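Those letters in the sequence shown? Residues 0 to 592, by numbering that gives the first Met the number 0.
Hints are not guaranteed to be accurate.
Said to hold, decoys possible - Here are the computed distance ranges between Cβ atoms for each label pair:
#, residue 1, residue 2, range
1, Asp566, Asn75, 31 to 41 Å
2, Gly306, Gly371, 28 to 38 Å
3, Asn35, Ile580, 31 to 41 Å
4, Gly194, Ala571, 28 to 38 Å
5, Asn75, Asp9, 51 to 61 Å
6, Pro236, Arg469, 15 to 25 Å
Bear in mind the hints are in silico, worked out from the structure with no lab data behind them. The model shown is predicted, which means the values in this text are computed figures rather than measured ones. Glycine residues also receive a C-beta, built at the ideal position from the N, C-alpha and C atoms.
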Amino acid sequence: MTAKLDQLADEVIETDFLVLGGGLVGLMAALRARRNKDIDVAIMERGTIWYGGNAIGFDDHNIEYPGIIEHPLPRNFSPEQAAKGEFGARRMHNIVSSKLAVAEAKNYIKPLVVLEEIGVNIREDDGTLKVKQTQKIPGGPNWHRLVPDATGKIEGDKVFYRGSDVKEKLANAVIKSGARIFNRTILTSLITRDGTVVGATGLNTRTGKLLVFLAKAVLVATGDMRRLYTYPWAPFPNNLFLNSHFAGTHGGGIAAAFHAGAKLANMEFLQVYVVAAGACATSAAGAGMYWRLQNSKGEFLEEKYQGGMLSKIGGHFPPTNFVFSPNIDNPEFENEVITYDTSRATDDEVAACYFTCATEYPRMLKLHKRAGGIRKAPVEVRVFIPGLLSGVVGVLNLNEKAETSVKNLFIAGCASSSTGSSGSKAMVWGHIVGDHVRDIISDIKKPALRAGQLQQVAAEKKRLLAPLQRKGGVDPLELEDYVRNINMNYVNVRKVEPRLKRAIAVLQQLRNEIVPLLSAASPHELAHVLEVQDIIDISELHARASLMRTESRMAPSHYRVDYPKPDDANWASIIITEQQIDGETSYAREKLA
Numbered sequence: 000m001t002a003k004l005d006q007l008a009d010e011v012i013e014t015d016f017l018v019l020g021g022g023l024v025g026l027m028a029a030l031r032a033r034r035n036k037d038i039d040v041a042i043m044e045r046g047t048i049w050y051g052g053n054a055i056g057f058d059d060h061n062i063e064y065p066g067i068i069e070h071p072l073p074r075n076f077s078p079e080q081a082a083k084g085e086f087g088a089r090r091m092h093n094i095v096s097s098k099l100a101v102a103e104a105k106n107y108i109k110p111l112v113v114l115e116e117i118g119v120n121i122r123e124d125d126g127t128l129k130v131k132q133t134q135k136i137p138g139g140p141n142w143h144r145l146v147p148d149a150t151g152k153i154e155g156d157k158v159f160y161r162g163s164d165v166k167e168k169l170a171n172a173v174i175k176s177g178a179r180i181f182n183r184t185i186l187t188s189l190i191t192r193d194g195t196v197v198g199a200t201g202l203n204t205r206t207g208k209l210l211v212f213l214a215k216a217v218l219v220a221t222g223d224m225r226r227l228y229t230y231p232w233a234p235f236p237n238n239l240f241l242n243s244h245f246a247g248t249h250g251g252g253i254a255a256a257f258h259a260g261a262k263l264a265n266m267e268f269l270q271v272y273v274v275a276a277g278a279c280a281t282s283a284a285g286a287g288m289y290w291r292l293q294n295s296k297g298e299f300l301e302e303k304y305q306g307g308m309l310s311k312i313g314g315h316f317p318p319t320n321f322v323f324s325p326n327i328d329n330p331e332f333e334n335e336v337i338t339y340d341t342s343r344a345t346d347d348e349v350a351a352c353y354f355t356c357a358t359e360y361p362r363m364l365k366l367h368k369r370a371g372g373i374r375k376a377p378v379e380v381r382v383f384i385p386g387l388l389s390g391v392v393g394v395l396n397l398n399e400k401a402e403t404s405v406k407n408l409f410i411a412g413c414a415s416s417s418t419g420s421s422g423s424k425a426m427v428w429g430h431i432v433g434d435h436v437r438d439i440i441s442d443i444k445k446p447a448l449r450a451g452q453l454q455q456v457a458a459e460k461k462r463l464l465a466p467l468q469r470k471g472g473v474d475p476l477e478l479e480d481y482v483r484n485i486n487m488n489y490v491n492v493r494k495v496e497p498r499l500k501r502a503i504a505v506l507q508q509l510r511n512e513i514v515p516l517l518s519a520a521s522p523h524e525l526a527h528v529l530e531v532q533d534i535i536d537i538s539e540l541h542a543r544a545s546l547m548r549t550e551s552r553m554a555p556s557h558y559r560v561d562y563p564k565p566d567d568a569n570w571a572s573i574i575i576t577e578q579q580i581d582g583e584t585s586y587a588r589e590k591l592a
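Based on the provided sequences and hints, a complete structural model is requested.
Right, dumping it as structure tokens:
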């Protein structure tokens, strides 16, 4: 006989709208939903809402289409126009949705209004918007420098906001709105009934309490998958938590959505960055952003490999194309020492770089100061895989309302696929979801749990408690390190069939033989046990999707040594990954609108 819910859970929370993740997406969605004070909103955040999430210093608000800052988009703004956006389908090799990009573009301005309302600075001293441009000079490192047109006019296509306090201001506004906050609580599973989400389970990582949430609508805003690959220039366990993004985003929300029946997309694509040695960061560190890349002969890679420009071949991150030139099998960075030289930086370049650092979280400003300032000896750069491709890989976003294949389950931000690289797109989609849920929530019936849902909770409780009852078992961080090295050694940038199959076999063996031996001495360690299980699941999905796509697309994000060329005739589509009712996983090709 199944126990009652209050016997299974340490606390039961009933709410209208459950937000999973207290980053930019979650806080914006909660704030918008709470504009109707009759709607109860609960936020589950594994850290705290003041510091959780990937908003660790994004220095811009992604306004990607010239003119929309000063003028609304025309009503006939089309998917074809949207495809030309900075992270549009053309640049991203047709693995993101132009249809969703239109909805996104039409809502870009709205979060700016909210930011100003809560006191985030987005303006110059004279009251004009603080803008920046996308790259205007081919090959030039001027992402943060304004370049006028022939008439002298500066057309901004992005708006700076003060990133150093945006999370603090959003968090305080959400608290003031009356939303209920559950900090230090990690999502462990979603509860479903007949293909509809009705709630979630969470573990408080300080008290060990099992919390069960019942909700009419649920938003997964838990971020992307940042812990599949390791940072190879640091010792264990530091190497597990050094990342250019928030190291807490291990992909738990994506894994939970997958196990609840939500479709995933594009699981094969890597995010490949060029970072300053020792900094493990991109923005304001300089490599390929402010300063050009050069080899030991003094050749600038942007000039040597002009065919690698984003405007010509697309891709995710400008310097990545250059360091992997002339081709993936014989890249410049493996045969040379690649650096960027700031010793001759002009005053305006120094000022622009410092400004970016000052409006971010303070870590990059501290790094520059400890290094003696901007003007210093050449800095060596590294190629680093921070995770899977953000905003491209994740839960499939079905439409302009951010719905998923599970009813009443919404997806937004870095956990969502098909919208392009996320960044501050997060606030746009948070705004969209919050407004939509506010409009529909009164029409959704209060969830009622039956025996099937109680069995889900009981099974989850059993899974959670088991590691606490084992003594001297496998350390979850050691297993995570092992899994991430499997990805480094058998998947990585140069993918090939035998090694991908080996990765899948080893991951399955770990799940079957090692996961049952994991142990935890505290709720904090138990969180790591749960994380590594998600990481194993996601790693297998990543390897299998990489094996299925028998072509190369947007290399080095997906490069097959045995299929080195794009194959549009057979692969102008995305791979959809879905867990079936019997627990088996299906993989299918699907055209993306």
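Taking the hints in turn, this is what the structure says about them:
The supplied range of 31 to 41 Å is met by Asp566 and Asn75, whose beta-carbon atoms lie about 34 Å from each other. Separated by about 36 Å at the C-beta atoms, Gly306 and Gly371 satisfy the suggested range of 28 to 38 Å. The hinted range of 31 to 41 Å is satisfied by Asn35 and Ile580, whose Cβ atoms lie roughly 36 Å apart. At roughly 30 Å, the beta carbons of Gly194 and Ala571 sit within the given window of 28 to 38 Å.
For the pair Asn75 and Asp9, the supplied restraint of 51 to 61 Å holds, since their beta-carbon distance comes to about 54 Å. Under the hint 15 to 25 Å, the C-beta atoms of Pro236 and Arg469, about 20 Å apart, fit the expected range.
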